[in-house]
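*Asks:* Each chain, written out:
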Amino acid sequence: MPQMNMIEAIRDAMDVKMAEDDNVVVFGEDVGYFGGVFRCTHGLQEKYGTSRVFDSPINESGIVGTAIGMAAYGLRPCVEIQFADYIYPAYDQIVSEAARMRYRSSAEFTSPLVIRTPCGGGIFGGQTHSQSPEALFTHISGVKTVIVSNPYDAKGMLISAIEDNDPVIFFEPKRLYNGPFDGHHDRPAKNWNSHPKGDVPEGHYTVPIGKADVVSEGSDVTILTYGTMVYVAEAVKEETGVDAEIIDLRSLLPLDIDTIEASVKKTGRCMVLHEATLTSGFGAELAAQVQERCFYHLETPVERVTGWDTPYPHAQEWDYFPGPARVGAALKAMMEAV
Amino acid sequence: MANYKPLQFHVPEPTGRPGDEPDFTGIEIPSAGSAPRPDIDVDPNDIKDLARTIIRVMDKEGNAVGPWAEDIPEDVLMHGLKSMIRTRAFDERMMTLQRQGKTSFYMKCTGEEAIAIAFQQALSKGDMHFPTYRQQGILLSQDYPMVDMINQILSNAKDPLKGRQLPILYSVRDYGFFTVSGNLGTQFVQAVGWAMASAIKGDTKIAAAWIGDGSTAESDFHAALVNASVYKPPVVLNVVNNQWAISSFQGIAGGNSATFAERAHGYGIPSLRVDGNDYLAVYAVSRWAIERARRGHGPTLIEWVTYRVAPHSTSDDPSKYRPKEESTAWPLGDPILRLKNYMIKRGLWSEERQVQSETEFDEEVRTATKEAESHGTMGSGASPKEMFECVFEEMPPHLREQRQKMGV
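Keeping their order, the protein sequence lines are chains A and B. Residue 360 in our numbering sits at position 337 of the first sequence, and the numbers go up by one each step. Residue 245 in our numbering sits at position 232 of the second sequence, and the numbers go up by one each step.
If we strip away everything but chain B, and leave its shape as in the complex, we get (with noise of 0.2 Å):
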């Protein structure tokens, strides 16, 4: 026998778990302003650095530097900037109906807001998104009626779902925002397909799929990934890394071996990876490769580097597996306390009129909760009866006789 040491298992762990001080040193910042901008028909091949590092635009004293940094429109920053707060009072309202027994179930996108919204700014009218389930941004930045997201979320007599579906998983096709499963990692292979039929068509539109760090491990992202490889349809392949996946770490989903954007070098897909909570990267970035899908020249993997600072979920409690103060701790910041001092500086926002909004919008979604709940309360209003309903396009006789057995 040749002599080989036994082999040791290998478990990844983070760098912190309760007690502990949070570390984030292993994650390089690179300086804003030092990733190049390629032109959008760029061989894959030739930017495979920007996989590896973290294209920034803000720097530390609220200045936009570098190719990445765009002109964008006073609106848009404007938009841009109270989407966010709007999202942010939204998330914390709907948190507290959870508590008081209103609905069964939320989850916040409380410092990932940045992302959602500001790809939703670059996109167009006719595009779909194939949303996670942190991408409440989308429909917060657009005009839907915030009051028919509640009575989603509380399951009333006005849901738009009829009760069917788990709150926050909305569905709203006239705002480009397809079903969320639940399941994960499933849609980001459909919004391939559904890019993959524009292209068919030979029309214009794009798609938008969406994943978390956790999920890239389901098979359904190889999937997606080899399917956009070999078709090259007008896709931007959008993984959120949040660093945690309830309470599994990144490195859980092989975050530590190679970073997520890195994974698309293998199906010769471009690759950027993103400071998320820099607003004027994230629009910018998507910007590029929104345009690149659109010009026919195919997917982009864009990997937002971000922190999932809220819970998981309402079920969940972080301070059972990560360290308490980690969140304040995250290099990258807050992206909306970036913006806002970003645009103060421009002297486009104030800090009175940052609480005059944060007041505002609070406000706003009182009065919808108010409204919304006027409907009912955690199915309080949903008609058994539906739940027969939207099985088939045409209800089949077992069904109809299950329904007549119910007594509905």
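So that you can see chain A by itself, here it is in the shape it has in the complex (with noise of 0.2 Å):
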């Protein structure tokens, strides 16, 4: 099976819809003749032509919106915001239009669109290459979203966005493109090569909208985490010796409950675990369903470990992150609890 790290498993996606399905397009700043500053979109171009993959304007509410009239069309779209940063523009379009169109037109006219967007830190991005904005599309009706973390689930789960009829939002921990980070950001960087999930099958598989994974069994505590962080729940695993049930979302919204509630019966404690800020985060969702399920089989209150309600700092990055350290200690902290 080849080995892939997440960039290429990323734009094999693109070409194996693109190759099945001549109404695919992809486009976005940069995303090109160069092949996206991330290179995920490399060589499509070349190979699909400049009508099906092309350069936009520095326009982001224009990329959405010209992709929302494309895919009333006919097409679908895959498009690429450069950093989750930059989304905001584009939020109207998303929010009012493209998560409302199936609704208010009584499915007459729809957007089957995706919107790629790397997000997330551990660059020196500062904070408008660095944030993590996905509880923003989590409180919308009428989008999904979903947060890879390996290469695996990043083409097959493409895949399904691609061929959702509704609008999906994409993000993709840049800090996980080239490899599992676990947080340890000084110790050497690892790639995708010797990892189980670097493994990607050639041709089109699809990884399921609304089913988590469990990377790792446990019984102590359940820890609920998505992107980067779910390297740092295993690192911190390791490190403390507790005993964790490590859950990775990928998909927020649908979002698979089911999992989440067995597992947290499971074992009677649960901690949230994300790189965005804290407050109306999409942990406080979490944590509130897992109360409304759970309650009377937790025997701790709900952790949430997170990014800090500050901007994305630049020089404070590894105060800013919630690594190991903050997380085993909190981890710990909920052990000795009871």
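Simulated from the structure, these hints should not be mistaken for lab results. These figures come from a predicted structure and were not determined experimentally. We put the beta carbon where it would ideally sit given N, CA and C, even for glycine. Be aware that one or more of the hints could be misleading.
Computed list of lysine-lysine pairs in BS3-like fashion (alpha-carbon distance at most 27 Å, straight line) [unchecked claim]:
#1 B:K418 to A:K234
#2 B:K245 to B:K214
#3 B:K95 to B:K358
#4 A:K288 to B:K171
#5 B:K138 to B:K115
#6 A:K213 to A:K289
#7 B:K115 to A:K70
#8 B:K214 to A:K70
#9 B:K383 to B:K95
#10 A:K213 to A:K288
#11 B:K95 to B:K73
#12 B:K333 to B:K115
Residues from chain B that keep clear of chain A, each with C-beta distances beyond 10 Å, as calculated [unchecked claim]:
#13 R50
#14 V185
#15 S261
#16 R300
Reconstruct the complex from the two isolated chains, following the hints.
*Replies:* Put into structure tokens, the structure is as follows:
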């Protein structure tokens, strides 16, 4: 089976879909000739031509707005917003338009489009290249929100997203593009070569949207997480010896609440872990749903470990990032509480 | 310190407020027939003057003059006039329905009927409008059932949109009528995207984008123009300048600094400013821009100069912010009256037929309203169950659970 990093897996997903379906088009800032600042669309223009893979003006509301028009026409646009931090100019088009198209037109018009966007920190990107705005998209009705953590899922879920008949916001933690990152920023970077999720099948396969992945079974505490934090959780499990069950949510909306509920009822503890800011973050939704369903099984309060409620700082990146030390301490405190 | 005077903050004011005499002396009305008609493959730089003038065809005596005067087939003229009369009758009746409490909301297009209707008549099957909320003439000039429009307005059991959307924000795909957002400006750029798709697929369909003078201030207006400028898709960018955005006159959208049509110049998009109350001019310029788009010469922006005779909506009271007699003082007149006079002069129409037509359409609207009301009024027929449908193609578990909780 071919080894791929997440960039190659994402590119391969688009390649597979573009070869299968003439209606799939790819565009965004720098994605055409150059192949994207993270190289995710490298080679696609050469292969499929400028009518299907092209550069867009620096105009995010235009990227999404034109994609909505194309989708209404019958195309399946898969567009790139260069950094998730740049998605806000497109927010109105996503919230008021793409998300509501099916609803307000009684399905006469739909928005089968994918918005790919790199998110998260860990690359010294400062406040404008590091954000994790996923919660903003789970709060609106009519879009699906996905965040992938490895090459295998990235390819399979991007294919699912392109085939989906509803709009999908597809977050790609940029710190994971080249390898799993466990938060130990002072240690040598790992790549995907030696990771089982770096084995990516050729051709078409899908990973469904709406299904979580139990990446590590355990009995003492459930860690609900996604994106880069999956690897921080794994490192903490190993370093603390706490028998944690780690769930990679993968899809925030729809949410696989059944998998979450079964796990928390089994372990009796729940930590919610994400890189985004704390207040009104997706962790708040998770904590609420867990207490609604599992309150009488909980031995400790649901614990949230997240980025601080500050803009993403530059020099203080590793103070902001909820790394293994902070997560480990919180996990131990939970276990010692009862 | 240099001797600077204190800066002064500038807020534009209209020429008249309640209690004032209407004043349109600032609007220069060129004589009919004075604007040249370029070839459709013209270089935008060669027709910049057309964004500053007003293209007009009908002169004061009711003659069609100048290079934009086309030999419009009689059945087209007849259908255009009747559709305008029909639309006005529809608007009057729907306004009454709202006053009777049978619907929550309505918006009339009085005085602007010629624009949507003549443009629609110049379009072909398969093309797509991205309308705003004052283009009901697009549907009312086609054979779309009037009763379905009223069902939508009443949000009743036969509402095609199942009660989910505000009255008048129709969606009728088969009639080239894209679902109206209700947010302003957002659809201008979507029309550009739709047209890009037509070009990507190598089709010959074109898109018609619609926006008002006020909403040209939205950043999506720029998004639409820059993308249209870059990719040159087959789209006609219609700006309906009806002078008022609720209570804000067109100067608040920047209309005093340059015409709305002139904005296209910075994007290298050809732009024409047209008398929107002159049916003959609307039809001719629409055909020109549509043909230009379909022949692959790219986008055109058209500013339709008109006047919003009606209140913004049923929730608005213009007597609070503009001179009472402003609509009657509007120098470009009434589009129905003007076309009527032209057709009478040509022997195609008469005062008697006008009265007869008005009566007939009033009857038609009354009958359709009665039928629609039999399916319920103001939400009385819409099912709560429908609220949860169509959020996604397949209902996800959390919505199913919420629907169960509601007990429907």
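*Asks:* If a hint holds in the structure, say so; if it doesn't, say that too.
*Replies:* Here's how the hints hold up against the structure:
With a C-alpha separation of about 23 Å, the suggested pairing of B:K418 with A:K234 holds against the 27 Å cut-off. Proposed proximity of B:K245 and B:K214 is supported: the alpha carbons are some 14 Å apart, at most 27 Å. Proximity of B:K95 to B:K358 is assessed by CA-CA distance (about 17 Å); at most 27 Å being required, the pair is judged to hold. Between A:K288 and B:K171 the CA atoms are separated by roughly 47 Å; this puts the pair beyond 27 Å, and the hint is violated.
Pair hint B:K138 plus B:K115 does not hold up; C-alpha atoms about 34 Å apart against a cutoff of 27 Å. A distance of roughly 33 Å separates the Cα atoms of A:K213 and A:K289; the hinted pair therefore is violated under the 27 Å criterion. For the hint pairing B:K115 with A:K70, the CA-to-CA distance comes to about 58 Å; that exceeds 27 Å, so the pair is violated. For the proposed pair B:K214 and A:K70, the alpha carbon gap of about 17 Å is at most 27 Å, so the pair holds.
A C-alpha spacing of about 22 Å is found between B:K383 and B:K95, which places the hinted pair at or below 27 Å, so the restraint holds. For the suggested pair A:K213 and A:K288, the alpha carbons sit about 34 Å apart, so the restraint of at most 27 Å is broken. With a C-alpha separation of about 22 Å, the suggested pair B:K95 and B:K73 falls inside the 27 Å cut-off, and the hint holds. The suggested pairing of B:K333 with B:K115 holds, with an alpha-carbon distance near 26 Å, which does not exceed 27 Å.
At roughly 30 Å from the closest C-beta of chain A, the C-beta of B:R50 stays outside 10 Å, upholding its exclusion from the interface. Not every beta carbon of chain A lies more than 10 Å from that of B:V185, the smallest distance being close to 8 Å; the non-interface claim is violated. Non-interface status of B:S261 relative to chain A is upheld: no Cβ of that chain comes within 10 Å, the nearest being about 20 Å off. The Cβ of B:R300 sits about 23 Å from the closest Cβ of chain A, beyond the 10 Å cut-off, so the non-interface label holds.
The structure fails to meet hints 4, 5, 6, 7, 10, 14 from the earlier list, while all remaining hints are met.
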